[in-house]
Amino acid sequence: MDDSSDNLIEIHDLKFSRGHRPIFDGLNLTIKKGEITALMGPSGTGKTTLLRLITRQLIPEHGDIYVDGTDISTLTLTELYELRQRFGMLFQNGALLTDLTVFENVAFPLREHTKLSNRLIRHIVLTKLHAVGLRGAADLLPAELSGGMARRVALARAMVMDPDILIYDEPFVGLDPISMGVIVRLVRRMNDALGITSIIVSHDVEEVATVADRSFLISEGKVAASGSPDELRTTNSELVRQFMHGMADGPVAFHYDAPDYAEQLLGRDTE
Amino acid sequence: MRAVVNDLRNNTVEFLRTFGAFQLFFLRLLRYSPAVLFGRFDLVVKQVYNTGALSLVIIMICGLFVGAVLALQAYANMSKFNAEDWTGVAAAFALVKELGPVMTALLFAGRAGTALTSEIGLMKATDQLSAMEMMAVNPVRRVLVPRFLGGVIAMPFLAAIFSAIGLFGAHLVGVELFQVDVGSFWQQIQITVEMSDVNEGILKSVVFGVAASLIAVWEGYNTVPTAEGVGRATTRTVVITAIAILVFDFMITAALI
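If you read the protein sequences in the order shown, they are chains U and Y.
The first sequence begins at 1 in our numbering and counts up one residue at a time.
The second sequence begins at 1 in our numbering and counts up one residue at a time.
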């Protein structure tokens, strides 16, 4: 470890499994303050699970996770909720509360955690909605939004408490190129202007390359490679090359474990 | 044989584990209840509206017909002994002590319980509960407790309304249809039905309210977060609530006799 005061999140020797399938087996990674960090990897490598472990929605079987120097497994529920107020998280499908309007969804954290006046809340919410281009949609219900719009509302909601750490779970999936460009710039700008630390889970190699300061490629329960997007692209690891260039052949099997193809098609029915 | 014993043991252990978790869940709801009741009463009111007010139509229609059919049966039998004046009493006893609370609870399970389960189950399936966790809002406190309290508060009122409309139905059949003297119809009820009978009905409806709301919220919170899972959880809410209510009804009645 170099200067450890720069490390916002440290994960040491993390082990976690679902049923009998190990997801993480001795994963180590460090996320630096004020940077945009990307967690990449083939689907099914547990990227979303890792986010849930970092925020203690799941509890690891082994290993320690430090957020800002605190071992999160030692926190009481109250302390955990205090810590979570410093996080903003964008879920894959938005996860907007379906019985509230767009405006109330964005206002939700403010109403739950602060005693701000309605006037001020209105101000803050409209500002955040404007940033994602949906000020005009304030009175709509989540059911009336398209998938991309819902995600942008969710982003406004994630920003509304001015968090120190913003977590994006697959933020670029299903966005049209225009929204994508705006969102990418927004992520970058929040990072530069407000010093927010961002964690992006994605397998969108191109988009990640334009925003991330540092990427971790996760495979088979470990960090397979890390570095800036350029470093990853020029590395000579087979696995990284396969992933960065989207090739079917390589160390990561495209096919789920199965018996021999020819044998299964031509052989006798064994059932 | 060995396999059967093993199966039985595993199932018993599994049942006890679930039952224990269920009790802990109940205690958790109770622990947060005062804070929600006094701190966020607006949320509770909204749920009383959702579970209570929106169930009124079905409760009132069913109450009217149950009261009417009770009076039909009572009149048919009482008139054999020239005891037509007692038509109202028979209907009143049946409504206040048994059918009011029981029928209301069963209708509640079908109308409001299923709505609670599927709503909470879908919130879970679409990550809304996780999103609340991440916004440092406790979903048990913000989502489950208001819904639980809403059901508990609504049930006794619904049962009272059911019984009242039922009596009106009995009046329609007894007095308007069969020409029982209106004075003796109501006087017999006043003389015979005691406050303790009414209290028994109230006690039952409170217990049923707790049971029905608790089961609905529990099933929603423990839904397997898929379309199939939500469907199954909703069905289980109705089945388990119906069984629980009839068993509790028997136990309370037996204890009070």
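It is worth saying that the hints were derived from the structure and are not from the lab.
One thing to keep in mind: the hints can contain errors.
Straight-line alpha carbon distances no greater than 20 Å define the calculated EDC-like cross-link-like pairs of lysine to aspartate or glutamate that follow [what the hints assert, rightly or not]:
# : chain 1 : residue 1 : chain 2 : residue 2
1 : Y       : Lys46     : U       : Asp257
2 : Y       : Lys46     : U       : Glu104
3 : U       : Lys115    : Y       : Asp42
4 : Y       : Lys46     : U       : Glu61
In silico negatives: residues of chain U with every beta carbon more than 12 Å from chain Y [what the hints assert, rightly or not]:
# : residue
5 : Arg111
6 : Ala138
7 : Asp169
8 : Arg188
Virtual Cβ for every residue (Gly too), placed ideally from N, Cα, C.
Here is what the structure says about each hint:
In summary, the hint linking Lys46/Y to Asp257/U is not supported, as the alpha carbons are separated by about 51 Å, beyond the 20 Å threshold. As the CA atoms of Lys46/Y and Glu104/U are separated by approximately 16 Å, the hinted pair is consistent with the 20 Å bound. At most 20 Å may separate the alpha-carbon atoms for a hinted pair to count; Lys115/U and Asp42/Y meet this at roughly 16 Å. For the suggested pair Lys46/Y and Glu61/U, the alpha carbons sit about 41 Å apart, so the restraint of at most 20 Å is broken.
A beta-carbon of chain Y comes within 12 Å of the beta-carbon of Arg111/U; the shortest separation is about 10 Å. Every Cβ of chain Y is farther than 12 Å from the Cβ of Ala138/U; the closest lies at roughly 19 Å, confirming the non-interface assignment. Asp169/U, annotated as away from the interface, has a beta carbon of chain Y within 12 Å; the closest lies near 9 Å. Every beta carbon of chain Y lies more than 12 Å from that of Arg188/U, the smallest distance being close to 23 Å; the non-interface claim holds.
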